[in-house]
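Starting from the structure of chain Y, add chain D where the hints point.
There are 2 protein chains.
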Amino acid sequence: MQYKDLSKKELIAILSDEYRKYYDYKNLGLSYDMTRGKPCSAQLELSNEMESQKLLKGYSSISNQEVRNYGVLDGIPEAKKLMSEMLGVGTDEIVVGGNSSLNLMYDLLVRFMLFGTGTEGCKPWCKDEKIKWICPVPGYDRHFLITEKLGFDLIAVPLQGDGPDMDMVEELVKDPAVKGLWMIPKYSNPSGEVYSDEKIRRLASMKTGAADFRILCDDAYTVHFLRKGPAKQLNMLEACKEAGNPERVFIFGSTSKITFPGSGISAVCGSEKNIKFLLSYLTIQTICYDKINQLRHARFLKDYNGILAHMKKHAEILYPKFEAVDRILKNELMDLGILSWTKPDGGYFISVNTLPGCASAVVEKAKECGVKFTPAGATYPYKKDPNDTNIRIAPTLPPIQELEAAIKIFCVCVKICSIEKLLEE
Amino acid sequence: MQYKDLSKKELIAILSDEYRKYYDYKNLGLSYDMTRGKPCSAQLELSNEMESQKLLKGYSSISNQEVRNYGVLDGIPEAKKLMSEMLGVGTDEIVVGGNSSLNLMYDLLVRFMLFGTGTEGCKPWCKDEKIKWICPVPGYDRHFLITEKLGFDLIAVPLQGDGPDMDMVEELVKDPAVKGLWMIPKYSNPSGEVYSDEKIRRLASMKTGAADFRILCDDAYTVHFLRKGPAKQLNMLEACKEAGNPERVFIFGSTSKITFPGSGISAVCGSEKNIKFLLSYLTIQTICYDKINQLRHARFLKDYNGILAHMKKHAEILYPKFEAVDRILKNELMDLGILSWTKPDGGYFISVNTLPGCASAVVEKAKECGVKFTPAGATYPYKKDPNDTNIRIAPTLPPIQELEAAIKIFCVCVKICSIEKLLEE
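Residue numbers (the working numbering), protein chains in the order written: chain Y, 151 to 575; chain D, 151 to 575.
Because the hints were derived from the structure by calculation, they are not lab data.
Bear in mind that the values here come from a model prediction, so they are computed numbers and not experimental data.
Fair warning: there could be bad hints in the mix.
Stated by the list, open to error - Dumping the calculated DSS-like pairs for lysine-lysine here, alpha-carbon to alpha-carbon at most 27 angstroms: (1) D:426 to Y:299; (2) Y:204 to D:324; (3) D:423 to D:324; (4) Y:280 to D:273; (5) D:171 to D:517; (6) D:204 to Y:452; (7) D:423 to D:357; (8) Y:534 to Y:324; (9) D:426 to Y:534; (10) Y:391 to Y:282; (11) Y:282 to D:273; (12) D:426 to Y:522; (13) Y:207 to D:452; (14) Y:207 to D:204; (15) Y:480 to Y:452.
Claimed, not checked - Some but not every residue of chain D turned toward chain Y, in silico, with C-beta under 8 angstroms: (16) 256; (17) 435; (18) 442.
Claimed, not checked - Derived contacts from chain D toward chain Y, CB cut-off under 8 angstroms, selection only: (19) 248; (20) 276; (21) 439.
Virtual Cβ for every residue (Gly too), placed ideally from N, Cα, C.
Chain Y with its partners taken away, still in its complex shape (with noise of 0.2 angstroms):
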């Protein structure tokens, strides 16, 4: 029974019940937050031992560095050699930084407006008239409100279950001015979508305008599968180097949601060009990045098998929480045409879309009840998504309980939103 096929009669009936219900809860006085893709308490308790002194005997790395002091800029061997297997690159190919993947993000685009890319014959994209970027969507805000504050004009381009539209990325790029694109290679945020090789291999292999293009490749849920093992992907740098264009992308990663958000470390990747490019300009920028935690980190971790292990731990914590969403989703609206919604294999979020229009209206109804969502169009460039259909659900913070009668909120208020759009047409 699809909304759209009943009758005025029909849905003000099921609009009366539907806000019965809804009142009901707003009387509970809730108050739910979901906005953030934020661990769990239970997921923290993980790594505490990550903080036992017993871990630090001895401050010296494989190679005889005394973490305590000054130095070592590109990161200790051991951080060097856990993230690269992490993130599929060489041990010459990453440098390991401080406690924020975001913020080495930003550091490479500033360096590029400053300074350049150190393409030869192309000059700093500050001198630049104008920029443009493309931002797969529905995609993360962080990424997009660095790009938009720096100036450049973001092209959002629909992701299709297996990464972006290629034939219009494809197209966009000739363009000089498009200089590089966003994309979160695996379980992606907000999607959940693990990008083809297929279309890997178009990303790293296409025609660009601009002789410096660049990918900001986030691979930042590389190893956060939900119920089997990560994901089989081909590497991106892999591929840019296969493609004869080593130098186009970046990629980065961190454990800010394998051991602690805010305190984990993080990498940067790229060819060893880019690297010794990026340690040039890096120099002017800090002495080192943390070691002590470099060597924390390494040593909890241990290698990779040390990491999916871990992560093996975060899956049976999550997975069944979102199991529960898309359990709810399934008994209450299953089949009503009014939300679809995605089955992640990892990742933190659940991405929904609603009838066009509805989307704000759903988040705005469920806060007045107590339950905060990721405000809507917050996925799209510049906050507006054209359509107003998209909404993130983060369900990975919440006890399960909460999580549960957050989710049955939520399809309350979509039914009611869906309901007055179709009784308004």
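Just chain D now, kept in the frame of chain Y:
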């Protein structure tokens, strides 16, 4: 007996004697590194307790924030309190950052370049034809490097034992292209001088041609005394507020040389308006700094008195080293008229001046003998000391026996190079 009053014959006799000593040292095959102001192992041991897990029992800040998760851009309250006490500002006038105050300075200047200073009617600095920047000399090479790489014209202004030549500064800042200056107000790197309150007032109140003139005040050694407690000094932000120029200064500090260099916490201070400006851009750049490390520091150092007690332990390790250098320089070179040097009350350096045209030769000579000093010229913009006289001695890192040997070799090199210079004339 001054060398300049000796006959050539007398000088040659001394020279041959010093060369004998030089080759004796050289045959020892030493390898000492005196290039950077790094704490020594004994100093690092002072903070090992910071890594004790019992310090981190409970991962909540005093305001009940979970420090292991995302959030809290401006720093946890206890860290803000600690750092604001140390830097003499209010808790609304500070942001506590990551492991590097140098990075905070770089970030701020980059922000000025790309987004401006937030001063009404002023544009981003990258839109300016030419930016000039005042560099008190001798100074810190890392400061000069940032402003050099950003393309500023660096103008050297001599320090006079109590801060820069203010007549010269006041004249220079009339030029609207002069956008700011570096300063290290206390135990300056490398001169060790403490800016006088009078000069601080003049810096705060001088009339500048640029409406968005900014002082980057790196209070890196604010509690780094060598004998009795830190020098009292008028706070630069206080002075700027009094002078009606509250937005003129940003003050920086860190625990790099209090706990662990590279794994400390940093802070940037400014007027409330400036802090709001800063946070409005910082929020683009990162989600938060490492709050676990902030908590670790706040619990370990406790408060300002805790910091002072801790710094006393550092002083007990460092003072004998500074004394040893002074004693050897006195023994070897007193009254020869070929070297002057500072005897600082705090900080990390002894600054020496050779006869004009000798500094590079001395550093080179010492290097050939296995003792590395900071390259001559490093304390000047563009690494060019116009008189080639200044050398920065960093006595903190080597064990005292090594330090003594290194300084004795240094003295031999000073004698040789001075005589060779005098003989040329």
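Checked hints:
1. Between residue 426 of chain D and residue 299 of chain Y the alpha-carbon distance is near 17 angstroms, which keeps this suggested pair within the 27 angstroms criterion.
2. For the hint linking residue 204 of chain Y to residue 324 of chain D, the alpha-carbon distance of about 58 angstroms lies beyond 27 angstroms, and the restraint is violated.
3. The straight-line distance between the Cα atoms of residue 423 of chain D and residue 324 of chain D is roughly 25 angstroms, inside the 27 angstroms bound, and the hint therefore holds.
4. The hinted pair formed by residue 280 of chain Y and residue 273 of chain D meets the criterion: a straight-line CA distance of about 18 angstroms does not exceed 27 angstroms.
5. For the proposed pair residue 171 of chain D and residue 517 of chain D, the alpha carbon gap of about 15 angstroms is at most 27 angstroms, so the pair holds.
6. For the given pair, residue 204 of chain D sits about 24 angstroms from residue 452 of chain Y by alpha-carbon distance, which is consistent with the 27 angstroms threshold.
7. The straight-line distance between the Cα atoms of residue 423 of chain D and residue 357 of chain D is roughly 21 angstroms, inside the 27 angstroms bound, and the hint therefore holds.
8. Simply put, residue 534 of chain Y and residue 324 of chain Y have alpha-carbon atoms about 25 angstroms apart, close enough for the 27 angstroms limit, and the pair holds.
9. For a cut-off of 27 angstroms, the pair hint linking residue 426 of chain D to residue 534 of chain Y stands: about 26 angstroms separates their Cα positions.
10. A C-alpha spacing of about 24 angstroms is found between residue 391 of chain Y and residue 282 of chain Y, which places the hinted pair at or below 27 angstroms, so the restraint holds.
11. Between residue 282 of chain Y and residue 273 of chain D, the direct Cα distance comes to roughly 22 angstroms. Compliance with the 27 angstroms bound is thereby established for this hinted pair.
12. For the given pair, residue 426 of chain D sits about 26 angstroms from residue 522 of chain Y by alpha-carbon distance, which is consistent with the 27 angstroms threshold.
13. Between residue 207 of chain Y and residue 452 of chain D the alpha-carbon distance is near 24 angstroms, which keeps this suggested pair within the 27 angstroms criterion.
14. Distance check on the hinted pair: residue 207 of chain Y and residue 204 of chain D sit about 16 angstroms apart at the alpha-carbon level, within 27 angstroms; holds.
15. Proximity of residue 480 of chain Y to residue 452 of chain Y is assessed by CA-CA distance (about 40 angstroms); at most 27 angstroms being required, the pair is judged violated.
16. Hint status for residue 256 of chain D: holds, given a least beta-carbon distance of 4 angstroms to chain Y, under 8 angstroms.
17. Annotation: residue 435 of chain D was flagged as interfacial toward chain Y, and the flag holds, the nearest CB pair being 4 angstroms apart, inside 8 angstroms.
18. Residue-level restraint check for residue 442 of chain D holds (minimum Cβ-Cβ distance to chain Y is 4 angstroms; threshold 8 angstroms).
19. Proximity of residue 248 of chain D to chain Y holds as hinted, the smallest CB-CB distance being about 6 angstroms (cut-off 8 angstroms).
20. The beta carbon of residue 276 of chain D comes within 5 angstroms of a beta carbon in chain Y, closer than 8 angstroms, and the hint placing it at the interface holds.
21. Against a cut-off of 8 angstroms between C-beta atoms, the interface hint on residue 439 of chain D holds, since the closest Cβ of chain Y lies about 7 angstroms away.
Hints 2, 15 from the list above are not met by this structure, while the remaining hints are.
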